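Enquirer: Listed below are the residues making up each chain.
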Amino acid sequence: MNDFSVVLEQAQVLTALGDLDATTQSLIHGACALRPGPCFGADSAFAPFPDEKCRRLRCAASRLASSLGVRLQNNGSTVFINCIAKGDIHSLEEVVGGNASHVDLPPLVDRQAQEACAAMGLKPSHIISISNACASGAIAVERAKELLEERRYDCAVLFGIESICAFVASGFNALAALSRHGARPFDAKRDGLSLGEAAALAVLSYRPAVKGDIVISGAGSSNDANHRTGPSRTGEGLLRAARAALNDASMEPGDIGAVKCHGTATQYNDTMEAKALRGIFGGSCPPCASFKGAIGHTSGAGSLVEILIASRCLARKTLPPTAGYALHGVDEKITLSSAPQPIAAPSILCLSAGFGGVNAAVIISEAQ
Amino acid sequence: MEELIHKLKEQIISTLNLSDITPEDIDADAPLIGGGLGLDSIDTLELIVLMEKEYGATVPDVNVGRKVFSSVRALAQYIHDNRTKN
Amino acid sequence: MHAAGFIQGCSAVHQSGRYSARGGHAAWEQNQQGPLDVQRKQVYEQPLPEFGKLQCADKLAFSAAAMLFGELSGIDRTDFGICLGTVYGSLSTDIRYMESLVAGYPRPAYFSATLPSSPVAEVAIRFGIKGPNRVVCGGACPGLSALDCAFGILRKNKAPAALVMAINALEAADRSSALIGPAQFTEPYAYALLISAGRWEKGLNRRFVFEGEFHDRGMTLAGDESYFLDMILAIILRRQCRIAVESAGFEGSLSIEKD
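Protein chains in written order, with this note's numbering: chain A, 1 to 368; chain B, 1001 to 1086; chain C, 2001 to 2259.
It is worth saying that the hints were derived from the structure and are not from the lab.
Predicted model, so just to flag it, every value in this text is computed and none were measured.
By construction, the Cβ of each residue, glycine as well, lies at the ideal position given by its N, Cα and C atoms.
Don't take every hint at face value.
If you want the ones that stay clear, here's a sample from chain A, every Cβ over 10 Å from chain B, calculated [said to hold, decoys possible]: (1) F40; (2) K53; (3) G230; (4) P253.
Below, simulated DSBU-like cross-link-like pairs (lysine-lysine); rule was C-alpha separation at most 30 Å, straight line [unchecked claim]: (5) A:K189 / B:K1085; (6) B:K1067 / B:K1085; (7) A:K123 / A:K189; (8) C:K2041 / B:K1007; (9) A:K211 / A:K53; (10) C:K2041 / C:K2156; (11) A:K211 / C:K2041; (12) B:K1007 / B:K1085; (13) B:K1085 / B:K1053.
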């Protein structure tokens, strides 16, 4: 055992509320970026990028890397991990919709990864695309941690972008998952999720941490093995992922200062997640929050975006309120609030879940 | 009504790709969802789309849905009462 | 990079037929077009009305997993990991969904199967597998990346074993799709391996070594990842072998040691 840690060297996001600092600040002040629909044909509130240009991958990637100050180096070996739930399907829409007879090769997923690297001036040793539905970002973190601990690479760069399109909006709508007026995580009147747009870029390394560094202490994942889209009713899978992360971190539930929930605001997810939280913490639940009532559900990139926001919250020792939450709407007593909450211990448990029963947990800590 | 029930069985089999099943295997009075056909909640949504598309019969909410999909016969009755297409 | 483990089960659905560790090779029936035409009875004994609903990628993965687990009775799969390497997902499902949307009646069952990770759900549900998940999509050798992920899981004792699946669900019709060029088309397949870190009492216990380096000398659609079939054949024939791999994404070897 050495004193090396997986350190979050740099982080940047673009959300409906702006960059990482602006998003964190706005969330703490209770902002909500949801605006009324229509959302690409669905009657549902959503949270788009403030600047439409960000919907284009090249623009988002280069903006994250250059103008928002993330410095990417090409010395040393780097693994680039692209987090995608579905990947860029705009070209599919064009072809099937009849607007294009031919679309540029190479195939979609690889093109997205290559374009992102090119736009950022990054020449990685290896590129991987991780596609685990709405937990892709968190599982990419879990995989990056393994690779760095094995000293396979000097550095891991994680990237994801989610922009809404008709394919996705109509699909969630067909599954009756969308809220009309806006997501209300864990609220008694919740009626579904709200889609959001976001992009994220993170640089991880493996070295001795110094005071103030944010480290990835632990990560774990699991599958509910229950249903194609709905979560397990008991929350068992999410509990299993959280325990795996705690185990990986050699931590106890009592070491956790706050929980960044998945909190999509669907009836099923929030009910399940509350049970999982009860199972993890028993009667001693730390402060909890969901960001999705403010910035929407940002799919594949989302779990990475939210981990990075959580890292800033940790540095400020403040957990934002849960926008949309007013009346407690789950059976378990979990510590949600419509006001900011102090974070008393230097670790946050970040939970994600996704279609297909996947669950992922990542624990971030501030080095003391 | 019997003709509609038989037609529905065929449509259910083809829409939901139940390749090992014939119309004779489906009991018109047995529960559709969670019964022996291996149908889940996504299949419920699929059936709602089918009803809308083929018969113009909408299912407004989950509670109505539960009654409508309690059996093929219940489904046929609902379509009979609410269809707006041939 | 160097990794070693034990293969406890394996299977393949391939243009040339079905393969499994103990069952060997079985050719397709004369009227069958290949792996996408697989009949439930050919891979899974118990009745399963849901089989017909499975979209391409899901059906391929399920078939491979079913044959593999069909030869392993009495094992507790609950804590196993699942690592999937998929070339794209299921393009035909994407198109079916898109067409249903354009027609005005978007089909929820198609949508949920358009995610590249969908096959993991089907396998996890049918076989009760709840451990860690990884899905690698695209790149030159997604199956090898999934194998690499499996070793990552086993090294850290996150699971007692991992099911590794390498699949390509692109159908012949996709060849004409504007999205994937004809030069890059390969036949559909699914390969599955069950890997453990150590020997199992009464297990198949074929020791194997995976070593080399991943790189990216030009992204193309995955090759046919036929080294998986070579490994499976070596296991079926109880031979040792060393398969050199020189692909657009990996350079190294897969070695099955003497039984």
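Enquirer: Against this structure, judge whether each hint is valid.
Expert: How the hints compare with the structure:
1. F40: Answer for F40 of chain A: holds, closest chain B Cβ roughly 19 Å.
2. K53: Per Cβ check, K53 of chain A is outside 10 Å of chain B; nearest 35 Å; holds.
3. G230: G230 of chain A is in fact no farther than 10 Å from some Cβ atom of chain B, at 6 Å.
4. P253: Fine: 32 Å to the nearest Cβ keeps P253 of chain A off the interface.
5. A:K189 / B:K1085: Distance ~35 Å between K189 of chain A and K1085 of chain B Cα, so the pair is violated.
6. B:K1067 / B:K1085: Holds: K1067 of chain B and K1085 of chain B sit about 21 Å apart, inside 30 Å.
7. A:K123 / A:K189: Between K123 of chain A and K189 of chain A the Cα gap is close to 48 Å, so the pair fails against 30 Å, i.e. violated.
8. C:K2041 / B:K1007: 27 Å, holds
9. A:K211 / A:K53: Violated, because 38 Å separates the two Cα atoms, which is more than 30 Å.
10. C:K2041 / C:K2156: Violated, because 38 Å separates the two Cα atoms, which is more than 30 Å.
11. A:K211 / C:K2041: Since the Cα atoms of K211 of chain A and K2041 of chain C sit roughly 61 Å apart, the hinted pair is violated (cutoff 30 Å).
12. B:K1007 / B:K1085: 15 Å, holds
13. B:K1085 / B:K1053: 9 Å, holds
Against the hints set out earlier in the document, violations occur for numbers 3, 5, 7, 9, 10 and 11.
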